[in-house]
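Protein chains in written order, with our numbering: chain W, 1 to 374; chain F, 375 to 551; chain A, 552 to 809.
One thing to keep in mind: the hints can contain errors.
Cross-link-like lysine to any residue pairs, in silico, SDA-like; alpha carbons within 25 Å at most [said to hold, decoys possible]: (1) W:K369 <-> W:G350; (2) W:K3 <-> F:H528; (3) A:K715 <-> W:F50; (4) F:K454 <-> F:K511; (5) W:K3 <-> F:Y391; (6) W:K3 <-> F:I433; (7) W:K3 <-> W:A41; (8) W:K3 <-> F:E522; (9) A:K703 <-> W:M43; (10) F:K454 <-> W:G332; (11) W:K159 <-> W:E225.
Don't read these hints as lab results, they were simulated from the structure.
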Amino acid sequence: MAKELIKGNIAVAETALRVGLVSYFGYPITPQTELLEHLSARMPDLGRAFVQAESELGAINMVYGAACTGHRTMTSSSSPGISLMMEGISYISGTELPAVIVNVVRGGPGLGNIAPSQGDYNQMVHGGGHGEYHLLVLAPASVQEAVELTALAFDLAEKYRTIVAIMMDGSLGQMMEPAELPPFVPLREEVPDWAVKAIPGKPRVVLSSINIDPPAQERFNLRNELKWQKIRRDEVRFREYYLEDAEYVVVGYGTVGRIALSAVRTAREKGIKVGLLRPITLKPFPVEAVERLVPQAKAFLVTEANNGMMLDDIRGLVKGLKPVEFYGRMGGVLPYPDEILDAIEALVKGPLTLEGDPRDRWLAVLEQKIGVGV
Amino acid sequence: MQTEIIISGFGGQGTLYAGQLLAYAAMDEGKQVTWIPSYGPEMRGGTANCTVVISDEEIGSPTVLYPKAVLAMNLPSLDKYEPLMATGGILIVNESMVNRVPTRKDIRAIMVPANTIAQELGNERVSNMVMMGALLKALPLLPEGAIERALAAHTAERHKRLMGTNIEALKKGMAYA
Amino acid sequence: MTDSDVKLVYQRPAGFDARTTHYCPGCTHGVAHRLVAEVLEEMGELHNTIGVAPVGCAVFAYNYFSFDFVEAAHGRAPAMATGIKRTLPSKTVFTYQGDGDMASIGMGEIVAAAARGELITAIFINNTNYGMTGGQMAPTTLPGQVTTSSPKGRDVERQGYPIKLAEMLATLDGAAYIARRSLHDARSIRQAKKAIRTAFEAQRQGLGFTMVELLSICPTNWGLNVADSRKWLADHMLPFYPVGDFKVNPAINAAGGN
Ligand SMILES: Cc1ncc(C[n+]2csc(CCOP(=O)(O)OP(=O)(O)O)c2C)c(N)n1
Ligand code: SF4
Numbered sequence: 001m002a003k004e005l006i007k008g009n010i011a012v013a014e015t016a017l018r019v020g021l022v023s024y025f026g027y028p029i030t031p032q033t034e035l036l037e038h039l040s041a042r043m044p045d046l047g048r049a050f051v052q053a054e055s056e057l058g059a060i061n062m063v064y065g066a067a068c069t070g071h072r073t074m075t076s077s078s079s080p081g082i083s084l085m086m087e088g089i090s091y092i093s094g095t096e097l098p099a100v101i102v103n104v105v106r107g108g109p110g111l112g113n114i115a116p117s118q119g120d121y122n123q124m125v126h127g128g129g130h131g132e133y134h135l136l137v138l139a140p141a142s143v144q145e146a147v148e149l150t151a152l153a154f155d156l157a158e159k160y161r162t163i164v165a166i167m168m169d170g171s172l173g174q175m176m177e178p179a180e181l182p183p184f185v186p187l188r189e190e191v192p193d194w195a196v197k198a199i200p201g202k203p204r205v206v207l208s209s210i211n212i213d214p215p216a217q218e219r220f221n222l223r224n225e226l227k228w229q230k231i232r233r234d235e236v237r238f239r240e241y242y243l244e245d246a247e248y249v250v251v252g253y254g255t256v257g258r259i260a261l262s263a264v265r266t267a268r269e270k271g272i273k274v275g276l277l278r279p280i281t282l283k284p285f286p287v288e289a290v291e292r293l294v295p296q297a298k299a300f301l302v303t304e305a306n307n308g309m310m311l312d313d314i315r316g317l318v319k320g321l322k323p324v325e326f327y328g329r330m331g332g333v334l335p336y337p338d339e340i341l342d343a344i345e346a347l348v349k350g351p352l353t354l355e356g357d358p359r360d361r362w363l364a365v366l367e368q369k370i371g372v373g374v
Numbered sequence: 375m376q377t378e379i380i381i382s383g384f385g386g387q388g389t390l391y392a393g394q395l396l397a398y399a400a401m402d403e404g405k406q407v408t409w410i411p412s413y414g415p416e417m418r419g420g421t422a423n424c425t426v427v428i429s430d431e432e433i434g435s436p437t438v439l440y441p442k443a444v445l446a447m448n449l450p451s452l453d454k455y456e457p458l459m460a461t462g463g464i465l466i467v468n469e470s471m472v473n474r475v476p477t478r479k480d481i482r483a484i485m486v487p488a489n490t491i492a493q494e495l496g497n498e499r500v501s502n503m504v505m506m507g508a509l510l511k512a513l514p515l516l517p518e519g520a521i522e523r524a525l526a527a528h529t530a531e532r533h534k535r536l537m538g539t540n541i542e543a544l545k546k547g548m549a550y551a
Numbered sequence: 552m553t554d555s556d557v558k559l560v561y562q563r564p565a566g567f568d569a570r571t572t573h574y575c576p577g578c579t580h581g582v583a584h585r586l587v588a589e590v591l592e593e594m595g596e597l598h599n600t601i602g603v604a605p606v607g608c609a610v611f612a613y614n615y616f617s618f619d620f621v622e623a624a625h626g627r628a629p630a631m632a633t634g635i636k637r638t639l640p641s642k643t644v645f646t647y648q649g650d651g652d653m654a655s656i657g658m659g660e661i662v663a664a665a666a667r668g669e670l671i672t673a674i675f676i677n678n679t680n681y682g683m684t685g686g687q688m689a690p691t692t693l694p695g696q697v698t699t700s701s702p703k704g705r706d707v708e709r710q711g712y713p714i715k716l717a718e719m720l721a722t723l724d725g726a727a728y729i730a731r732r733s734l735h736d737a738r739s740i741r742q743a744k745k746a747i748r749t750a751f752e753a754q755r756q757g758l759g760f761t762m763v764e765l766l767s768i769c770p771t772n773w774g775l776n777v778a779d780s781r782k783w784l785a786d787h788m789l790p791f792y793p794v795g796d797f798k799v800n801p802a803i804n805a806a807g808g809n
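Full structure from sequences and hints, please.
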């Protein structure tokens, strides 16, 4: 199929339709709204369910209901709206249902702004809703990758009966790139046994997240954890650039990952042996990929559009064996390649240290650079 | 080889569309390309700009601090981007909408009275294409005829009647570079 | 001409800061702001008032009013106003909310505040769409009306019927004054100002929850110029959303609040 020049938000929406989205529930919020608008124009004609909900709280609970039927369902939003969905996310997880959630992250906290950000990393990756649950979190860095991960998201959601979150940022949502979309597949007729369907002769189905008896809840949670172990083993995805001989390892995901790629290339042109690890699944995290790099690396540089959320994960994996430094921008500001290049060159220049907290050093740099407002 | 182009002006000057057309042309020529707009309240404030990156290999950052080429459709855009341009870059300035010439000596600046030319062509809205013509001549990003082919391939049926004027505008712009 | 010949016929109300607003040209948000500022000034309440801004085009309202302001999460202004009023009961507290903010995501909060008879005033801007996010369908969007999320026109079968919020809130016992006015012409604007005054007076009298719905225009997202937008309001919105008083606590008239 030919490539088309298409916006990230619309590419995700159209891909979801093509791989069999039966229902969508959402609420307008910038920089995600084109996704909802595209589906509002397309779904009624296809005879599929589109509802602009009264709120994100409504939307996620509509998804909860739709997911109970075993048909493909999705919602999308941006950070403040995702916060409102946290209750539903916990309930859907507690009922072991498949669903896809797209978060086109914007600058925060609070109302913040509508500029691109990765400030929701912890919320998506380390929870945000209550109780023990795990989401799969996919972080595309290009429109083509967003297309592929959207299709994958539905498959993974069904395979593991779990929520799969696609975490993009405002710039990927708004950006146009050539991409090849999947072909349109007809809707699947059959639904899984666990779904509510009210068909005479079929066993009765009850779906709920309540386990009033704590040992029963514990057994449910244990089953979930064991499932999660399997996901951790089988579903890790990442990309490596220039890492074979790299002495310095940059780690970045999503849009910041590709910005870092520009910086890494320029550094290579300057003769610096640096490479990039770009996690695609933020959860399950590419743990082994990081661990494998520890022996060869002189130092790591973590870069994000937040205050160092993945930094903590990387430090946990590097275990103090090698220096880990950080460069990030916050609040809806993306780093430019030149800034990441500066940070790479600072590593090379040294002195490298295992002492102290990389966050302190980064804060000192950033304070110098932008000052502190009133 | 990678080239970054920023197209900047007031809303309504067709900056986003010009960038998209360039992106289409690059895509059709088999290049890697990204198009990214500024979005949000900034747009309601009346400015509209986009960054187009064209490359032979997988594109890293879709935005750059120091662009290789800038189409400045108005004075605020000239003021904003002239200081940021990469050395040796190409700055196309819409002479009809500014009251000064660029001062940097390490870039190539081309003044194009885009609105005047567009008016002469009978449609002020093609000023963006005049500017684009000058850019493509000054910076051989794409093979000859690529942008015209993109125009033909990606213009919606209902806008096709403007195509002749657009192509005229591109030609006139090229003459300035 | 001597100084005494110069008559001041127009000036910025004291409740306004000297700033240009970010609203689109002709947008009635500016008119509604002005009416609130004038009323509070006339009541001598300017320095006793705390406003609560919504999420919507009026999110920056606090930049224009000269008194204290807070900014709520989308739809939650009535809850935030409740927190303020219950802590500072002698203050005049109001929310200023769009139709997406109040009648969609914030429906729970506004109904609950009205039912509690919360002593706050809600100014409700009904422009039949979500202005700030680029013109999506709102609960108030008219049947058949085209928006960016009802591109073929609001189909009531699929997308439901518009909500008449003033009529709905008027059914609640906690409400003291509930009115709808329009901002499409000078006469209507004068009437709107009176209603806003009545609402704030009722709040001061401690009579209960008060709300004034203001029919407004959104030329940008309607794709109409200002004159045509006013006409569209008069032709399409007024028949569907009649202006009037839907709930008037008798004590209001007794006190001569209007
Ligand atoms: C939780 C949450 N969801 C969505 C949004 C995005 N959003 C911002 S303003 C707005 C709607 C505003 O429309 P309305 O209340 O009608 O006010 P108007 O802009 O028309 O004045 C929405 C949906 C948000 N900021 N927060
Ligand atoms: S978008 Fe509509 S409501 Fe918002 S300021 Fe513009 S005209 Fe007013």
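Each hint tested on the structure:
no., hint, result
1, W:K369 <-> W:G350, "holds, 19 Å"
2, W:K3 <-> F:H528, "holds, 13 Å"
3, A:K715 <-> W:F50, "holds, 23 Å"
4, F:K454 <-> F:K511, "holds, 24 Å"
5, W:K3 <-> F:Y391, "holds, 19 Å"
6, W:K3 <-> F:I433, "holds, 16 Å"
7, W:K3 <-> W:A41, "holds, 22 Å"
8, W:K3 <-> F:E522, "holds, 19 Å"
9, A:K703 <-> W:M43, "holds, 12 Å"
10, F:K454 <-> W:G332, "holds, 20 Å"
11, W:K159 <-> W:E225, "holds, 15 Å"
The structure is consistent with each of the numbered hints, conforming to all of them.
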